[in-house]
Structure formats: structure tokens, C-alpha cells
Amino acid sequence: MTNEVCTGAQILLKSLVKEGVKEIFGYPGGVILTVYEALYNQKDIKHYLVRHEQAAVHAAEGYARVTGRPGVALVTSGPGACNTVTGIANAYYDGYPIVVFTGQVGLNQIGNDAFQEADVVGITRSCCKHNYLVKDVKDLQRIIKEAFHIATTGKPGPVVVDLPKDILTQKTTFDYPKEVKIAGYNPNYKGHPIQISKALKMLSEAHRPIIISGGGVLTSSAHEELLKVANMLKTPVCHTLMGTGTFPANSELDLGMLGMHGNFWANHAVSHADVIFALGTRFNDRITGCLQRFARDAHVIHVDIDPCSISKNVKADIPIVGDVKNVLEGMISEFEKTNPNIYVEDKNNWLNQIEEWKRNRAVVKSPEGKLSAIDVINKLYEMTKEYDPIVCTEVGQHQMWTAQNFKFNKPRRLVTSGGLGTMGFGFPAAMGACAAYPDKLVLNIAGDGSIQMNIQEMATCADYGFKVINCIIDNGYLGMVRQWQEKLFHEHYSETKISHPDFVKLAEAYGALGIRIEKEEEIEPAIKKAIEAKCPVILDFVTESMEMVYPWVLAGEPLTKVLLSNDC
Amino acid sequence: MTNFHTISILVSNESGVLSRIVDLFSGRGYNIESLTVAPTIDRLFSRVTIVTDGDEAAIEQINKQLNRVVPVIKVADLNIGESVEREIALVKIQVKDEEKSDILRIAEATNSKIIDVTDKTYILQAIGDEKQIQALVEMVRPYSVKEFVRSGKVAISRNSQFSNIKNL
Chain A
0 MTNEVCTGAQ ILLKSLVKEG VKEIFGYPGG VILTVYEALY NQKDIKHYLV RHEQAAVHAA
60 EGYARVTGRP GVALVTSGPG ACNTVTGIAN AYYDGYPIVV FTGQVGLNQI GNDAFQEADV
120 VGITRSCCKH NYLVKDVKDL QRIIKEAFHI ATTGKPGPVV VDLPKDILTQ KTTFDYPKEV
180 KIAGYNPNYK GHPIQISKAL KMLSEAHRPI IISGGGVLTS SAHEELLKVA NMLKTPVCHT
240 LMGTGTFPAN SELDLGMLGM HGNFWANHAV SHADVIFALG TRFNDRITGC LQRFARDAHV
300 IHVDIDPCSI SKNVKADIPI VGDVKNVLEG MISEFEKTNP NIYVEDKNNW LNQIEEWKRN
360 RAVVKSPEGK LSAIDVINKL YEMTKEYDPI VCTEVGQHQM WTAQNFKFNK PRRLVTSGGL
420 GTMGFGFPAA MGACAAYPDK LVLNIAGDGS IQMNIQEMAT CADYGFKVIN CIIDNGYLGM
480 VRQWQEKLFH EHYSETKISH PDFVKLAEAY GALGIRIEKE EEIEPAIKKA IEAKCPVILD
540 FVTESMEMVY PWVLAGEPLT KVLLSNDC
Chain B
0 MTNFHTISIL VSNESGVLSR IVDLFSGRGY NIESLTVAPT IDRLFSRVTI VTDGDEAAIE
60 QINKQLNRVV PVIKVADLNI GESVEREIAL VKIQVKDEEK SDILRIAEAT NSKIIDVTDK
120 TYILQAIGDE KQIQALVEMV RPYSVKEFVR SGKVAISRNS QFSNIKNL
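Here the protein sequences line up with chains A and B, keeping their order. Residue numbers for the first sequence follow numbering that gives the first Met the number 0, so the first one is 0 and each next one is one higher. Residue numbers for the second sequence follow numbering that gives the first Met the number 0, so the first one is 0 and each next one is one higher.
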């Protein structure tokens with residue numbers, strides 16, 4: 000059976016099966032119909048029909064984020080393909096593996112401005128890891144093999160495969176390649192042993208060391224090694240938004256999140272450190288603040304599988320190109336062999352210093368009359384933690400409150416758009432999580448603005464019984480932008496007051512459960528009902544409009560200039 | 000002072016690879032001073048030579064970013080270590096009878112060749128490094144230059160270890 004003659008469309012599906020793909024998200028259209036015909040005639044792959052192609056890609060990314068396996072999206076040419084661009088860029092920025100298959104007009108029509116033609120390879124070139132236009136059906140299986148290989152190795156990312164209509168009907172022998180050879184693509188997984196020894200020495204001798212754990216720790220599943228290294232070196236750990244869950248929040252070495260809305264003590268610890276051990280992070284401006292004033296006394300050890308991330312923003316004194324897990328394993332075995340002095344007293348003094356900084360907490364004033372978003376999110380955390388939920392978010396104030404107030408002890412539990420900051424990401428990503436783990440409790444914490452960016456997916460949820468609990472922090476504003484306007488633009492709330500439909504009626508219209516919560520005593524029963532529900536849910540928490548996210552380091556300010564309340 | 004670097008990039012000879020490189024430069028705000036591209040002896044590969052400017056950190060990033068492009072096989076900054084570089088320029092000059100001997104002298108002085116002659120025009124060809132080409136530009140400037148075309152730079156390392164793929 001291995002050398003069966005198949006059409007391009009059949010080869011596509013057979014290749015997906017070979018790659019272990021069981022679920023795909025998509026939307027049919029003219030040129031891709033042959034693939035949908037092939038889908039109709041098979042049982043190995045489950046296709047989820049979304050309501051907008053952007054959602055298909057976000058769902059695929061959500062699936063990839065929670066499982067670690069590549070997510071797959073399938074769309075038609077032209078508008079279908081163009082609608083995937085935001086999703087592709089989002090996966091590229093945060094480094095998650097997805098493969099997006101786009102239909103294309105026939106090879107002989109390309110360039111002739113045919114109906115629903117778009118130069119997909121050109122459009123997506125700068126926002127994906129790699130892309131292909133298939134020009135010969137004989138290349139198709141090799142390209143699919145390469146696409147999955149590139150998407151899932153090195154720093155993972157999106158790969159786009161553009162499929163001309165005629166390729167999908169042409170026939171060739173199906174014989175899926177066993178290995179991949181790409182001359183220009185050989186990611187380096189093993190950190191240089193000499194660099195690792197140097198790093199270990201520097202960390203052992205450091206007086207004020209700190210570890211920054213980024214998304215790369217999650218990607219390489221290095222959380223256990225990280226915990227071991229932190230404990231053996233008695234070094235505190237803070238994390239970036241993408242690194243949430245890579246270090247247990249219940250460890251006494253945990254400093255929580257750093258950066259623009261990070262903890263006062265985490266920001267101060269990084270700023271006063273003498274050695275920074277940065278793992279799988281790009282040193283994005285949201286964590287460095289003013290770059291010139293970032294950790295001026297620190298020596299930086301930077302581990303990343305992507306050489307481009309090293310010394311791009313912050314100059315590394317000891318660069319280590321490699322996979323975080325490998326590097327940390329190397330460091331642990333080196334430590335066990337050499338058993339270096341770690342100067343426990345210095346490290347204890349440093350931890351004591353950080354303890355003192357921990358007194359500086361954001362001042363939270365509960366608003367009068369209306370619900371506090373922070374209280375709502377805390378309640379959500381308290382009531383759902385026993386279920387070990389997957390928590391997706393959209394982008395804005397609610398996202399930061401979630402990152403600050405949910406305690407994550409495991410990786411792959413927070414699903415949020417970090418780099419690109421895509422409103423409308425959370426809801427479809429939550430569908431991806433539901434498809435991957437149908438029995439898991441999946442929350443999407445959203446704002447009343449961002450939920451409206453992909454709200455059409457309520458229909459998808461209803462169709463497939465994706466029980467996403469949408470928890471809308473409904474403050475009537477695009478809250479994060481409003482917050483900036485309040486502080487930086489003289490309270491001129493230009494175009495940030497935003498209306499929305501009656502979310503309860505909307506939920507009902509889609510056959511979902513909708514509950515509006517306006518009083519404190521209504522919070523608990525509503526969450527309880529949502530957990531017990533057997534259908535998608537919208538919880539509309541009507542909250543105070545003027546609540547702010549603190550701590551807050553204004554853009555361009557140094558990390559130490561942390562505002563803790565409105566009075567700062 | 001602007002710091003020019005000549006970057007030599009060995010790539011798979013496939014469609015779109017030049018766009019990937021050029022997009023990378025424009026998308027990240029790097030400058031392209033000149034660019035040449037042609038297949039190597041083995042037509043499966045092409046060589047792209049880009050002259051760009053930037054400080055050390057920028058050049059390091061350019062190198063790393065180029066390496067991230069999948070069809071890019073090898074990147075070399077030819078300013079590190081010794082290399083030889085050449086450009087070619089063609090100049091079409093409208094010549095009056097009394098100027099013809101001047102042009103011949105310029106050709107000789109700049110090591111250029113006259114490769115085409117009509118009753119009204121001469122075409123000069125100069126091959127050399129940037130200074131030699133610039134010398135020709137300056138010398139022909141007083142005359143009636145009708146057209147001037149110039150290639151980007153091609154460069155080759157003198158280092159025997161540059162390419163590990165034979166004959167490329």
C-alpha cells in the first residue's frame with residue numbers, strides 16, 4: 000500500500016496522517032474544494048469548520064500551545080489566505096509550531112490577477128518561519144515533510160504551504176519521505192560545553208544572580224531542569240509573560256513576572272543583579288524598559304536556540320546558542336561533577352534584600368458600587384484552580400490582571416498573545432485547547448473590546464460543543480488604551496469608549512449560557528454554573544471602568560521606576 | 000563614518016530566495032548599497048553579494064538574520080580577513096573629433112578598455128575595485144557622458160577555508 004498513486008489532495012491528507020495530525024481547523028472555498036472532497040472520504044482527520052480564517056490559525060496555535068504538537072489550518076486562496084496573516088504573524092512572534100495550508104489559483108493562472116488570487120508567499124514571507132509554493136505534485140510530500148520539520152524544530156514557528164489548484168488534482172505515487180535534508184537549516188541544540196562551564200562558574204560566584212525564564216523554557220520543556228538549577232544555585236527566578244508557568248509559583252525562589260506590569264521586586268532584582276541568566280527570552284522592550292538603563296551592573300548569560308535573539312537588544316557576556324533543556328542538563332551534570340562553592344551567605348543576603356522589596360506591592364482600591372476586575376479574576380482563580388484549567392486571554396488590562404493574579408505551577412496553562420499582542424486571539428485559541436483536551440476546563444478571560452474581535456466563533460463552539468467559558472471583564476472601554484490616555488494623554492478618552500451587544504442575549508442566540516454579573520454576591524454562583532454547564536458560556540462581569548493595572552512601568556522608563564498606584 | 004561591509008551569501012538557487020533576502024533587509028531597516036546575484040558553477044546554488052553599512056552590532060544581526068533564512072546556506076562577512084573585490088562600469092561618451100585622443104588617454108590611464116566605437120560615441124569598460132571605478136567616473140565627468148552603468152560588487156575571500164562545498 001505504500002506506493003499507491005494518489006491525487007495531490009489525497010497526498011496532503013495522507014501526509015498529515017503520517018505527521019500524526021488528527022485535528023485541523025479550516026474553511027473551504029473554490030480552489031481548495033478537492034481537499035475538502037478528499038476529507039469527505041476519510042476518517043483519520045477531524046476538520047473543525049470555523050467562522051473566519053483568522054480564527055482557524057489562532058485555534059491551530061492554541062492547539063499547539065497546549066499540546067506542544069503542531070497545529071494545522073486549511074484555507075482557500077485570496078481572501079481566505081489573506082485572513083490568515085494575523086494568525087501566522089502571531090505564531091511567528093511567540094514561536095509556536097503551526098502549518099498553514101492555503102489554496103492557490105492554478106499554476107497557469109498565477110500572476111494573471113485571477114479570481115481570488117493573492118501572492119500568499121509574498122504576503123506571508125516576513126511573518127512566517129518559511130513558506131512554499133508547490134509547483135510540482137512530485138514535490139508535495141517532501142515539502143509537507145519539510146514544513147512540519149521546520150515548524151517544530153529550532154525556534155518553532157509557522158510554515159505556510161501554498162497549494163495551486165491543479166497540483167491538488169494531479170497524481171503521483173505516495174511514498175512519504177522518512178527524513179529531511181535542508182542544507183541551510185540545521186538548528187543547534189547542544190550548547191557549547193566551555194560556555195556552559197563559564198556560565199556555571201559565573202553563577203556560582205555571583206552575589207546577586209537572577210534567572211529570567213522566557214517562552215523558550217516552555218518550548219523546550221525545561222521546567223524541571225530550571226527548578227533544579229535554581230535550587231542548586233539558590234538563585235531566584237522571574238519570568239516573562241511567555242515564560243508563565245515555567246517556574247512554580249509556589250517556590251520560594253519565585254519572583255513572578257517582570258517587566259512593564261511585572262512585580263516591583265522582580266524588576267528591582269533584575270535591575271540590581273550582578274549576573275542575569277536569561278533563558279529563552281528575546282529581551283523584548285516590555286521586559287527591559289529603557290534599554291540603556293537596563294541592568295547596568297549585570298553580566299548577562301544568554302541561552303537561546305535562535306542566535307538572532309542573543310545580543311540583539313541586550314549584549315550577552317556569555318552567549319550560549321542551544322536548546323535550554325540541553326544547556327541546563329549540561330549545567331546540572333557539570334555542577335554534580337565539580338560541586339562548586341555557591342557562596343550561600345551572599346545568596347541568602349540577596350534573597351533577604353529581595354524579601355524587603357516584596358513589601359512594595361501595588362495598591363488595589365476596590366471601587367465603590369461596581370465590581371473590581373481584579374476581585375473577579377482572583378475569584379475565578381480560586382474557584383477554578385482545583386480543575387487545573389487552561390487559561391486563555393485576549394490582550395489588554397484583563398490579560399495583565401490574569402498574568403498577575405493567577406498562580407501557575409505548570410507550563411502550557413496560560414495561553415496568551417505576547418509578542419504581537421493580538422486582540423481576538425484568546426477565544427479561538429481556547430477552541431484549539433478544547434479540541435486538544437475535550438475534558439479540560441478552558442477559560443477565556445477577555446475584555447468587552449477584544450471578545451468582539453472574533454465573537455463569531457460562538458457558532459463554532461456551539462457546533463462542536465467546545466465548552467469555552469468566556470469571562471468578559473466588561474468595563475465599557477478599551478481599558479489598556481484608556482489607562483494610557485488617563486496617564487499620558489490628559490484623560491482624553493479618544494475613541495476608547497466602546498459599546499457591545501447584550502452578551503447574555505448573544506450567548507442565548509448561539510445556544511450558549513449567558514450570565515450577567517453586577518454584584519459581588521453574584522460572582523460565585525455564576526462561576527459555579529459556568530463550570531457545571533454543558534455548553535459554551537459567556538460570563539459578563541460588569542466592572543468599574545476606571546480601574547488601572549499596577550504595577551506599571553511607563554514605556555521608555557527604566558524598570559526601577561515602578562508605579563504602584565494612581566498616586567505615584 | 001559609514002562602515003561598509005561586503006557580505007557574501009551562498010543560497011539554494013530557488014525561486015523567491017532573493018526576495019527573502021531583500022525583504023529581510025527592508026523589513027529590518029538595513030541598507031543595501033549594492034547587490035549582485037548569479038548562479039555558482041553548480042547551478043543548484045547562487046551567490047548573492049551585498050554591500051551594506053552599519054556598526055558591528057548591526058552587521059552581526061544582519062549575519063544572524065541571514066542565517067535564519069532557510070535557503071541561505073552560508074554567510075561570510077568579507078571584511079573580516081582578506082578578500083578581493085571587483086566592480087564593472089560601462090560609460091557611453093559622445094565624442095567630438097578633437098576629444099577622441101583625450102578619451103584614449105583616459106582609457107589608458109584608468110586601465111579601461113574601449114569596447115564599442117561609433118562615429119559619435121565611445122563605450123569604455125572599466126573593471127576594478129571601487130577606487131578604480133571612481134577614478135574613471137571623475138576623469139570622464141568633463142566630457143559628454145550619455146550613459147553610465149555600474150554593477151554591484153562581487154568579492155571573493157582569499158581564505159582557503161571559506162567554502163566547504165567544493166567548487167562553489
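For the record, the hints were derived by calculation from the structure and aren't laboratory data. Treat the hints with care, as some may be off.
To be verified - Over 10 Å on every C-beta distance to chain A, these chain B residues come out as not near it, computed from the model:
hint, residue
1, ASP22
2, GLY26
3, THR39
4, GLU59
5, LYS63
6, ARG67
7, VAL68
8, SER82
9, SER100
10, ILE113
11, ASP115
12, VAL116
13, VAL136
Claimed, not checked - Lysine-lysine pairs mimicking DSBU-like chemistry, simulated, CA-CA at most 35 Å apart:
hint, chain 1, residue 1, chain 2, residue 2
14, A, LYS560, A, LYS528
15, A, LYS144, B, LYS130
16, B, LYS63, A, LYS134
17, A, LYS311, B, LYS95
18, B, LYS130, A, LYS560
19, A, LYS357, A, LYS42
20, A, LYS518, B, LYS73
21, B, LYS130, A, LYS200
22, A, LYS134, B, LYS73
23, A, LYS533, A, LYS21
24, A, LYS197, B, LYS73
25, B, LYS130, A, LYS177
26, A, LYS144, B, LYS73
27, A, LYS233, B, LYS63
28, B, LYS130, A, LYS17
29, B, LYS73, A, LYS314
30, A, LYS227, B, LYS130
31, B, LYS95, A, LYS17
32, B, LYS130, A, LYS189
33, B, LYS63, A, LYS137
34, B, LYS63, A, LYS180
35, A, LYS180, B, LYS130
36, A, LYS314, B, LYS112
37, B, LYS63, A, LYS197
38, B, LYS73, A, LYS560
39, B, LYS130, A, LYS137
40, B, LYS95, A, LYS200
Here a beta-carbon is modelled for each residue, glycine too, at the ideal position from N, C-alpha and C.
Check your understanding: Which of the stated hints cannot be reconciled with the structure, identified by number in ascending sequence?
Key -> Result: hints 1, 2, 4, 5, 6, 7, 14, 15, 17, 18, 19, 20, 21, 25, 28, 30, 31, 32, 35, 36, 38, 39 and 40 break, sorted rising.
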